[in-house]
Structure formats: C-alpha cells, structure tokens
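> For reference, the chains in residue letters:
Number of protein chains: 4
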Amino acid sequence: MSAGPKIAVVGATGYAGRELAHLLVRHPSIDRPIFFLREGRDGERRANCITDLYPELRGRGEAPCRPFSVDAVAASGAAAAFLALPHEVSAEVAPPLVDAGLKVIDLSGAFRFRDAATYAEWYKLPPAPAALLGEAVYGLPEVYGSELKQARVVANPGCYPTAVILGLKPLVESGWIDRGRGIVCDAKSGVSGAGKQPKPETHFVEVNENFRAYGLFTHRHTPEITGNLGLASEDVIFTTHLLPIERGILATLYVWLDSPREAAEIEALYREFYAGRPLVRIWSAGTLPELRHVAHTNFCDVGFALDRDARRLVVVSCLDNLGKGAAGQAVQNMNAMFGIEETEGLL
Amino acid sequence: MSAGPKIAVVGATGYAGRELAHLLVRHPSIDRPIFFLREGRDGERRANCITDLYPELRGRGEAPCRPFSVDAVAASGAAAAFLALPHEVSAEVAPPLVDAGLKVIDLSGAFRFRDAATYAEWYKLPPAPAALLGEAVYGLPEVYGSELKQARVVANPGCYPTAVILGLKPLVESGWIDRGRGIVCDAKSGVSGAGKQPKPETHFVEVNENFRAYGLFTHRHTPEITGNLGLASEDVIFTTHLLPIERGILATLYVWLDSPREAAEIEALYREFYAGRPLVRIWSAGTLPELRHVAHTNFCDVGFALDRDARRLVVVSCLDNLGKGAAGQAVQNMNAMFGIEETEGLL
Amino acid sequence: MSAGPKIAVVGATGYAGRELAHLLVRHPSIDRPIFFLREGRDGERRANCITDLYPELRGRGEAPCRPFSVDAVAASGAAAAFLALPHEVSAEVAPPLVDAGLKVIDLSGAFRFRDAATYAEWYKLPPAPAALLGEAVYGLPEVYGSELKQARVVANPGCYPTAVILGLKPLVESGWIDRGRGIVCDAKSGVSGAGKQPKPETHFVEVNENFRAYGLFTHRHTPEITGNLGLASEDVIFTTHLLPIERGILATLYVWLDSPREAAEIEALYREFYAGRPLVRIWSAGTLPELRHVAHTNFCDVGFALDRDARRLVVVSCLDNLGKGAAGQAVQNMNAMFGIEETEGLL
Amino acid sequence: MSAGPKIAVVGATGYAGRELAHLLVRHPSIDRPIFFLREGRDGERRANCITDLYPELRGRGEAPCRPFSVDAVAASGAAAAFLALPHEVSAEVAPPLVDAGLKVIDLSGAFRFRDAATYAEWYKLPPAPAALLGEAVYGLPEVYGSELKQARVVANPGCYPTAVILGLKPLVESGWIDRGRGIVCDAKSGVSGAGKQPKPETHFVEVNENFRAYGLFTHRHTPEITGNLGLASEDVIFTTHLLPIERGILATLYVWLDSPREAAEIEALYREFYAGRPLVRIWSAGTLPELRHVAHTNFCDVGFALDRDARRLVVVSCLDNLGKGAAGQAVQNMNAMFGIEETEGLL
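Protein chains in written order, with my numbering: chain A, 8 to 354; chain B, 8 to 354; chain V, 8 to 354; chain P, 8 to 354.
Everything labelled a hint here was simulated from the structure, so no lab data went into it.
If you're wondering where the values come from, they're calculated on a predicted model, not measured in any experiment.
A portion of the hints provided could be inaccurate.
Said to hold, decoys possible - Okay, derived cross-link-like pairs now, BS3-like style, lysine-lysine, Cα gap no bigger than 30 angstroms in a straight line:
(1) P:Lys-13 to B:Lys-206
(2) V:Lys-131 to V:Lys-13
(3) V:Lys-13 to A:Lys-206
(4) B:Lys-203 to P:Lys-203
(5) V:Lys-203 to V:Lys-131
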C-alpha cells in the first residue's frame, strides 16, 4: 500500500460498507484504510481485521478494524472519513468529525438536501445542523465536480438518483423536452439496495422468481431527483421496483420531445455533456446498455431509443447500485477531493 | 376423464404448448386431448404420449401424440383445435381446419388484427385470408366475451397486450385520462415469453443477474395494445424488458388524470368493470399485486397507486405469461366457446 | 367443497403451512378446513380468512382463520388436526388434541423418534410424552403405510429423510450394498426448507449466486435417516447444501455393490418395491430426474446410474421439499388415515 | 500498459476467452495483448477491438482483434499464446505455434493427458502429436509449479479437476485415507462451465429453479482427476451437477480416514502443503468456504468438517470455474512461465 491520504471508514457491515472495503483495500493511492465499527450492529461479529468480516478479501488486502468513537477517528490521523451509517447516525457523527478537521463523505441521506424541511418531510428524522447542510456538496462529480475540491462534507447521492439524474440531465438542460407531456422514470433495482438487515421483504423466497413495484409516490429518493433536475414534482412520476438479482439499477426514462430530433443530435448532446467524464459511458444510437454491462463496475451507462416519429424518446440509464450508485461514487468523490486521478481504484 | 368436447392441440413442444398440456390433461370437462406434433421441430423427440415430452406429467394425466397433418386432425373427431404454432404456420393451418368444421383457438399473432396491413407491417409475414381475419374474435373474454360463443376462430391475445389492456381498459373507457399528457406502459416479462428455441439472448448466463430493455418501439405487441384500447400510437410509449425469471409479466402503467379523483372512485371503476369476471382480481386501493401472486395461476391481478395530488396514477397489472397470458386464457376461451364454466380447469 | 372429514390446521404462516393451505382449500374430499393461528408469530398479520394471509389464493378457495387454543380446536368439530408448528409447541399441543379425540398429523420433528433420548440429543428440546412417542407412526406411506389407518399421531417425516429413505430403502433391503465401502448421501435443498423467519442466512443477497454446505455431521435429519434405514451411523455420511432456488431437494446417493448387477435388475428392484405407490416415480435405467420434474408436485422421483464396472451405483432421488417433503406428504397421510384415495388433492 | 512479454490470445468469444480478456487488458506486467479471432464462430461479430466484443470493458482497457491464422500469430511478435479453442482446434494449432517459438498455454483438454489413448477414449477425438503431449506440463502450479518455468506447452487443467485435485491432494499424499472405503467427489458447477453455445440444456428456463446431475460416470474430467491424484478409478465416484448460477464450482469430497485424526492435524496438513501458494486459501477447522467467497476471484478455497468419530471427513473445495478453474489459472501459469509474481493481475 503506497503513501497517500489516510482514510477512515465508519461502519463497514452493510453492503455499501462491504463494497467500500473491497475498493479501498486495493486502492493504489491511499494509505491503508482503518475501519471503525459500532458496537451492536457493526460489532456483532467482533473483527480485528477487515478479512474477519469479509473472508473473500483474504490474500487481497488487509486493514484493521477498531471500535468506533468520534475521538478514535479524530485521533487516527485520518484526513477523511467515509460514513456508511444510518441517516440519523451520520447526522450526529459528521459535525464533530468536520470540527476535528476531517473531510467527510457521507453515504446516507443526511446531507443530500440543503433544505432541512425537505429532509424532515421525506425522512421523518431530525435533520443535521443547518450550517453543515448549507455547505455540503451533492457528490455527483459529473454535475457538481467543481465544488468537490474544497468540500468539507460531501453527500454521496442515492443510487436511484444517480441513475436518473445522469440519464436525464443533458436532456433537461437542452430544453428539448415537451414539459406538457410529463416525464416518467421507471426504475428497477437489485436487492442489495434494500440493505443487509434481514427482513421479510428481503427473504430469498419472497424475492426470487418475483418482481414488484414498491414505495410508489413515497420513495425518499424522489425529491433528490426532482430537486437536482430542477423539475416540478407534478410533472414527474418516479417509481421503483425490486429485481430478483443482487446488484444493479436500470432506469427507463420516458420523455416526449417538443419537436422532432435526429438520433445523432441526441447522441451528440449526451457525448458533449459527459465529455471528459470517464465513468459515464454513452452508448451509440440504436444500442442499449444492460445491467450485466455495469454490474461489478463503477460506471453509469446511458443509451436511448427514439421512435420513428422523432418525438417519443426512451433513455436507459444503468449502474451498479453498490458501485457508481454508492461506494464507487464515494471513492470517485474522494479522488476528486484529494486531487487523485478520477478513475484511480475504480476500473 | 369425463365426457365433453374432444380437443386437439397442434404443436406442443413450445412453452405455451407445454402449459396447454398441463392444463388440458387435467381439465375435468373435456374428453382426453390429442396432441399433434409436426415433423422436425415438434418431432425432434418422437413422442407417443405427452408424458414422453413432459415426464413431470407422469402419474397426473396421459394423452396420445400423433404426427400432425390437417387431415389427421380433421379425422380425429375433435370439435376444436388449439394451435400452438409459429405465426406463419397458424395462418396456413387454421383455414382448412375451420373448413373441416373445427373451432380454432390460435395462440400465435396470425389472427389478432382485422387489418391485414397492420399484421404485414409488424410481422413481415403474409397474412391469413381476409375473410377469416374479418371474423376472428380477439380472445380477451373480459372485453369481447359475448362474441366468443359463436366464434369459429379465436385469436388468443399476446401476453403483454393481455396485461396492458386489462390494466388500462376501465380507465380509457372512463374518459378520466388526461390525454394530453401521454400514457407510458413499462412492461417486464420472464424468459419463457421469449420462446423455447435456444438463442444467445436466452442462454442462462446472458439472462441471469441481468435485466434489459428490448424491442423499443418495434415490439409486435404494440399495435395490439393501441388498437384494442383505441389509443393514438403517438400518445403511448410501450416498452418491454426481460426479467431473470421463468414466468410472469408485470406492467407498470402511467397516466395523468384530467381532474383529481379519489382512490375509492378508481377502485370502484375497476371493480365494476370486472364484476362477474373471476379471472381478473382487483386489489384494494393502497395494495399492489406482485408477480408471485399470479405465477403458476391463470389470473390477471390489477392494483394502483394514486399520488396525493390525485392526478398522477400508476396502475400495476400482472399475470403469468403462460397462464392468463397464453395457455390459461386459451382454455378460458375454449370454456366460453363450449359453454363450460369460465374457471373450469383453471383454478 | 364437498362433505368429508372436518380438518383443522394449527399454524399456517410458515412455508409448510402455506403449502397446506394451498392443498387443503382445493381438496375435493374434505370439508372446508379451519386455520388456527397463534398469537404473536402467526397473529402478526391478523387474518379472518386464509386469503388475507395468502392473497394468491383469492378466487381459488376460502377458509376461515381463528385464534388458536386447544379448546377452540377441540370445539371445532374437526376430526383431525395438522400441526405446522415449532417442535416444542407441537410436543405440547399434540397430547391434549389426541385426548380430545382428534387425529394429529404433526409436521415438526417432535414425534419422529420412538426413542426420546435420540430426540433430546439432536434437538436439545424436551421430548413429547413417551407413551405418545411410542404409538406415533412415522408418516412415510410407502414404507409404513399399513400403520397409518389406525394411527392417532402421525409424525410427518423431514424433507431430507423422505428423499434419502425413499432413494435407498429398496437397495438396503435387497442386501446388495457392499457395507464395507460406506454410503454417502449428498443432499441439496432449496431455501424454503430453511423456514420463513428472516435470518442473515436466508437474505436474498447471501443465497443468490451462492452455494454452500451446512450442518455437516450435525443436521437433525441424520438420525431419522440412519434409524429408518437401519444403517450404522459410522458407515454413512449425510450432508446438506443450500441451493439458490425456492423449492426442491435432490439427493445424490452413493453406494458400492457387493457384486456386479445389471441396470435392469436394479430398475426392477425399485419398480417392485414401489409397485402400487403412485407418488413415487421410478425413472428408467439411464435417465435421471431433475428438480424441475418434481417442483410444485407431490411426487418423489428416483433414478440411477450404474458404472460400466457394475459396482459403483449412484441413485438420484428428488422431490419438492414443501410437497412430498412436507405438506403434500401430510395430506397423503391424511388420505390414508381417512380411507381417501391416496392421490386425492395431490395431482 | 507497461512493458513485459507480448501476449497473443487465440479465440476470445467463449466464456473462458471473455475472462482472459478481462484479466489481460488490465494485467500490469505484460504488453497490450492481441486477440486473434477465428472466422465463423469467433468472427460472427466482426471486432476490431476487444471492447466491440465486450462493451463492459470500455474505459477499462483496449486491445486489438485480428483474424486468426497461425502465420499471423507467429508474425505478431508474441512470446506466448493462450488458446481458448475447441479441443480439436487446439490440438492442431499448438504444434506450429510451438515450432514458431511461442510458449503455448492451452485451455482445452487437448494436452492434459500424456497418454494419447486416454484422451482418445474419453474425448473421441484425434490426439495431438505424441511428442508434444509428452512434454506438455499440467498447469496446476500448486502441484507442478517447478516444471512451468521451462514449459513450452502448458495444459491448463479442467475446472472440476482443479477443485477436486487441490481439495484431495494433501490427504492422498498423507496416506491417511482408508482406501477400502472408497472416495466420493460430488461436484456442482455454475452454467458458464457448459460453454456459450446456446443449447437446450443451457436455456434459462431449463436451468433456472432447477438442479440436476449430469454426465454420471462419463464426464471427461474423470481420468484427469484419478490420474493426477494417483487413484484407482474403481475406488472413486466423481459426479457433476448443474447449479442455477453463472459461475463457481463447489466440490464436496468424502473420505473415511484409516485411523482417528484431530481436526488440527488435518488443518496443519493442508496449511503445510499449500504454504507459500497464495491462490489456495485454507479455512480454519470448523469453517467452510462458500461459492460467494470465490466467485469473481482467482482463488481456490478449501475447508473441511470432521465427525466426532474422527474418521469420517468431508472436504469442501471451491473456486470460480472461470477464474482459478480456467482463465485465472492460465494467467497464473503465464506468470510462472515468465517469472512474473504469482498473483500479478489476479487479485
């Protein structure tokens, strides 16, 4: 493990935490990471080393585990901390860590909204301090990349919003959408997005050979999507579905154009928007990405199909919900914050 | 096996044919069915008995298999024939069977359009004779039930159209939809809908842990949907996706209402429309059916979610693509044609 | 629902209970069943009707649910009660129900051993009263069928033992096995066998795309197998593995023969042993059953492969762990106890 | 891509070829690889670049594709060629490549047997030239590692033999096995092991929710196992089963010990045997590896369970059939042949 910033990870027992562990123990431009585990949930399995938690990592990378406390993290010499914690714990833990001089990359929803009221309405939880909310950067590097370098707190986006925003942003900014028609975002996710806590809904027998819509009109990612796209909520329907697979989100995005467009124009629009952004891959007109193209990667792939009437447009955006949708994007944010090559540790 | 009409099945080696075999060998109100297999594809495995093809049926029901010819079917004494054949073979085989006095229930697309030009445009195949097309009944009993009793040819609907039409028909007829907004039909299907012929796209490794959209703006079921719903094609986007499961279609249907409605009104609309139709099950407002509720059944389940603004409405319609989406509906049609109780052999 | 014995089911919220519900609401030769739910686990979802618990049954069959108490069952007029309960609850509930005059079919392990010490050693639970243990019949109809008619308590076998015992019994009785070699029973099961309670090991993400051995040398079904086959435990290795599927057990059974045998001899041995037993299907020499042949059925299918040296023999035995491995066999036992046709309600 | 040997890959359209492509385009110690595609099968999709075949590699690595001919490979300046070809094509192509001075790593079965007769008997194909068979090294580095450095032809082992041999070799060499008892090797594999060619047996619907034994007593990997373990075929039963997952092999290996042993002795035996071999990971006594621990890795993980009688022993050996079972092991062999660190490009 070469030199580079010293990195702490708080919480490592969920699926995003596991993915972070996989990425960080092999990241070539950081110092060996330290994992801080909470008593109870995290500490259920007492671990001295990350391979005690994840035996599949043995022989690939080692990293110590320690009991979590804000003081322990502050004293560890880490320059930054990833928080893979429940929302309410992140809201509580991030402020003292920032005060202690660490940069914080939070994978929960706690810092995704500048407006505390929106958070409170959708999450039914007490919001983080307003000052910190106000300065937190929404960690979607392809959209807010310039703000990352100075950020003290980065709110890593939700998995669904990453797919939907990256899929629609160029179109929304182009002004080509017929807003009168309404925009539909039909998203489907693998089960790791539902978390590791055993629940009836994630029991193998309930998910396997099944498919269902859930959280209609109530999913917490809704305001993250409309807010960052600048769309009125009444013009958008966003739905989520559970796929019987481990990982991956595919969003099928529906718009009507205000006037006929060529497929080549649309492809060019996307290619220009994402020029120089290696982790968004645009597919040529007439081809569509599939989940298998992005599973176990840190890319977001975007393709589209245009009807012969040149008005009805379907955009397909997909990613690995644990990669570009969570841990991979968190590492991409870390890279930006420390001036490391954007794709380092992510290919 | 009790008395009742004598039934022939032409083609039994595809997935719809297999499902028909499962249903018919145990149907209590028909005579023992006879399966007619074509040389080549069907005859690959020479079978004297349906259990040679489907060993899982041993001990549950027996039925003879014979080489197919129009004459053999005509001479069999069958009152009706199910055709589980490629479109172009159905188009050729159905007319002489009708001439021979049999009622025909065709599971292909050959008789689904009164307008031969629509068929030719979407299927790129020569259409069936216009006269027979003209009299064929679209076999969706909940919509065209009254015509079934006298029908000589029934075109069994496509699996996707069955789910989409049953999900939207009450709403479209109500006039409550804001037509200016556009209607989105995002449908997802299990793999048995793609047929039994081994292809790269149906190889386990390509489907498993994968999910993809396909056939965008080109799927043959598109005109079947818009035609039977009476919708202008430019107002509708219909897409299809491949789920990594064996069976089941779930369609998520998006409409904006022209004015605010109560959930109770919408539920009542659906319940009234399907009153007395035992194979469509309406879910109470606030609950949604999942694929596991309809897999291995012959039901179509319909539920919905209405946003707090009472304008944005999502309808979820699901069925087993081999059950209500194919063989089950074919048997339901047969029951109607012969005056047998609608659900006989289907529960 | 026709006349016939009145049937009670105690416990209906686990997977075996769900399967029982599916079978019993459509069983043609019994009176409508009554489901008794325990407070807490069973009563989590308050249900008045079995379709409240299992909406997929709507339109197929109805049956009332009532709060469980021994008195309530006794007062219900039921002639028999199925117990789909934890072992320790069955051990407690069965005696008073027998005293009240009901026949009891218990799906737990509580009555599977005549010897209370064996039960206590493997289950670490207090055994049922010795007298009742002594008279309980092990409910494997193909082996102990003659005792079922008079039985007051039937211990429905475990899913693994059913597959292994049915697969090996004819061979063991034949005396053809080279006992010096040892017998290996490598069994694989779908996840529904692990129960419905959400646990880390049954989380979709832990099971999907995974496969593992578990319970080596400690599985509770071990003494049930050696005991009913009359084998010394040191000559047998029985292992269990978890398949990433919902339902089905396939056991690969390995023996060396004491002298060379013809495949035809072996097939004849099995066919004779199971003559007149419609729910065990013997496959012809050279063909092997697969899980898909028995999933969603109540059969046990048995096939074998013999090496060219005519000494090494592999038997494959498979069944649906919820069908012939649990609820289906329980209904088969009920049929035997009440003089109903063996396969009634099971095809 | 740094300097290092220039590498050719012949055949890249099967699953092993795809995995090789993933490993080689990111291997840090070789020159950019060149892929040679055969007309027909390989050339179905005309590809100029490996990302044309595998779009998921875009942004991660590029490598040119060229039409295959022996002359083209010889003229490419490559120091070594991987052959991911059908057996009979490898047998034909390897000799001229060796003559042209390339080292050959063959992933087929063509060079796995020194004895041409064994190959001919099990593969029913004409064997490669005897001289080359005689010098080919069986590419299992943990067993034959010392011979790899000088090898001109390396026969990359089969996926099943790799798992079984690595799992049993220490025990067989120890002499602790009771040979009179017989050894059972019950192996289960994911579907990618069955190849990419669409066949009825690999259709999603045939594999999904299914499990079956296949190739009993006829699997071509049988003599590879008994030969390399030095066991008499009549004492071993090796079976193979198809798991409904993409990748992974888990072998459950059964032996009786000749005298009681401590678990610690057995663990020590394995740890000593594989000391200094980073790609075989031994699990502590009482713990067992699962497929998820090795999927998408290049490790073989081995664990065991010993009965209380200290005589009955079950060893579990598992690996990714495309990793340590094919492409990963091929790269490990390449590393050994070129003096590159053993795990380079493989963690």
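> Sort out which numbered hints this structure fails and list those numbers smallest first.
As far as the earlier hints go, 1, 2, 3 are violated by this structure, in ascending order.
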